[in-house]
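Trainee: Given next are the chains, with one letter for each unit.
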Amino acid sequence: MASAAEHKHPNYIAIWIYLALLTGVELAVALLHFLPRHILIGTLIALAIWKALLVALFFMHLRFEPRKLVVMIVSPLPLAAILVLYVLRERFK
Amino acid sequence: MAHVAVHPTAPAEEGLGVYTQKLGMWVFLCSEIMFFTALIGSYIILRWGASSSWPVPAETLNIPVTAINTFILICSSVSMVKAYVAAVHDDQPGLKRWLLITVLGGATFVGVQAYEYTHLIEKGFVPSTNQFASTFYTMTGFHGFHVTCGVISMAYCTLRAFQGKYAGGKFQGIETLGLYWHFVDLVWIILFTIVYLF
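Sequence order for the protein chains is A and B. Counting in this note's numbering, the first sequence runs from 1 upward without gaps. Counting in this note's numbering, the second sequence runs from 94 upward without gaps.
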């Protein structure tokens with residue numbers, strides 16, 4: 001059986017430092033106001049997704065899980081996107 | 094059914110290739126993804142629709158304190174994963190130590206959030222103040238509730254660890270709880286950016 005316990009453990013402290021640095025960059029971008037508004041929002045979303053991916057891939061071990069489980073887990077994401085995009089239509093009515 | 098009792102894990106471990114507790118937690122987390130998407134999606138739509146009339150979050154919320162709180166939650170995720178590694182390697186002192194640190198981190202996060210709420214309410218920022226306030230309390234409140242549930246579960250697991258229930262490399266319970274804990278951390282990463290920094 002493929003188990004999370006059997007895979008090689010990543011360097012969790014390195015990922016922690018990575019997350020701390022990204023949080024620092026996020027705060028600097030948000031509070032120093034040196035980017036135009038639309039670029040600022042895009043940058044902050046990209047940084048948040050980057051951090052979330054690090055947590056999911058390494059702390060939640062998605063990188064090491066069987067492919068079928070990963071497919072099951074990511075399947076709500078397109079549904080989530082459809083949910084938001086569909087409600088967003090309200091703005092254009 | 095006696096056969097199932099003798100070999101409880103064999104049938105369930107076929108298929109997706111993971112043990113049933115972990116699969117169950119992942120199915121639950123998939124439903125949680127949809128729950129938080131509904132909240133975050135609604136917030137984005139309300140905020141986009143309001144555009145210029147929406148208050149600037151930094152003028153009301155204490156961003157430095159919440160940034161530190163975010164860092165505390167990230168640290169507790171690291172201590173949780175270290176507890177999992179200790180459980181896998183049957184390092185009982187390490188498991189107890191890292192679980193205690195995680196409980197402490199989670200409780201600190203909830204405590205700081207309670208302090209933040211108290212401070213905001215004293216300033217007159219209550220759920221009925223405006224749309225931003227009601228969405229702020231809904232999203233952070235539901236997240237705080239999840240963290241509180243996590244801290245209670247973690248305290249229970251810590252107690253079990255001190256009773257030696259995870260001895261002999263029994264890591265499944267710790268890994269399953271860890272998945273929930275990391276998910277709560279992941280949701281906060283998104284919420285912090287969307288609610289506090291935009």
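Just so you know, the hints here were simulated from the structure itself, not pulled from any lab data. Where is the CB? At the ideal position from N, CA and C, for every residue including glycine. One or more of the hints may lead you astray.
[Said to hold, decoys possible] Below, a list of computed lysine-lysine pairs in the BS3-like style, where the Cα atoms sit at most 25 Å apart:
#, chain 1, residue 1, chain 2, residue 2
1, B, 263, B, 115
2, A, 8, B, 189
3, B, 115, B, 216
4, B, 115, B, 189
5, B, 263, B, 189
6, A, 68, A, 8
7, B, 115, B, 258
8, B, 263, A, 8
9, B, 115, A, 68
10, B, 216, A, 8
[Said to hold, decoys possible] Part of the chain A face toward chain B, derived, beta carbon under 10 Å:
#, residue
11, 31
12, 35
13, 36
14, 39
15, 45
16, 58
17, 59
18, 60
19, 65
20, 79
21, 87
22, 90
Trainee: Quick check on residue 87/A please, does its C-beta sit within 10 Å of some C-beta on chain B?
Mentor: Holds, about 5 Å.
Trainee: Do the numbers back the hint for residue 60/A, that is, is its least Cβ distance to chain B under 10 Å?
Mentor: holds, 5 Å
Trainee: Taken at face value, is the distance from the CA of residue 189/B to the CA of residue 263/B at most 25 Å?
Mentor: holds, 14 Å
Trainee: Straight-line Cα separation of residue 263/B and residue 115/B no greater than 25 Å?
Mentor: Holds, at about 13 Å.
Trainee: Quick one, are residue 115/B and residue 216/B close enough, alpha carbons at most 25 Å?
Mentor: violated, 44 Å
Trainee: Does the structure keep residue 115/B and residue 258/B at a Cα separation of 25 Å or less?
Mentor: holds, 18 Å
Trainee: Hint residue 65/A vs chain B: min CB-CB distance below 10 Å?
Mentor: This interface hint holds because 7 Å falls under the 10 Å limit.
Trainee: Hinted pair, alpha-carbon criterion (25 Å max): residue 263/B, residue 8/A. Please report holds or violated.
Mentor: holds, 18 Å
Trainee: Are the Cα positions of residue 115/B and residue 68/A separated by 25 Å at most?
Mentor: OK: residue 115/B and residue 68/A at ~14 Å, within 25 Å.
Trainee: May I ask you to test the interface hint for residue 35/A with respect to chain B, counting a Cβ-Cβ separation under 10 Å as satisfied?
Mentor: Hint violated; residue 35/A Cβ to chain B Cβ min 12 Å, cut 10 Å.
Trainee: Please verify that hint: residue 39/A, Cβ, nearest Cβ of chain B, below 10 Å or not.
Mentor: violated, 13 Å
Trainee: Can we keep the residue 90/A interface hint, with Cβ of chain B closer than 10 Å?
Mentor: Hint holds; residue 90/A Cβ to chain B Cβ min 7 Å, cut 10 Å.
In this structure, the earlier hints numbered 3, 10, 12, 13, 14 are contradicted, and the remaining ones agree with it.
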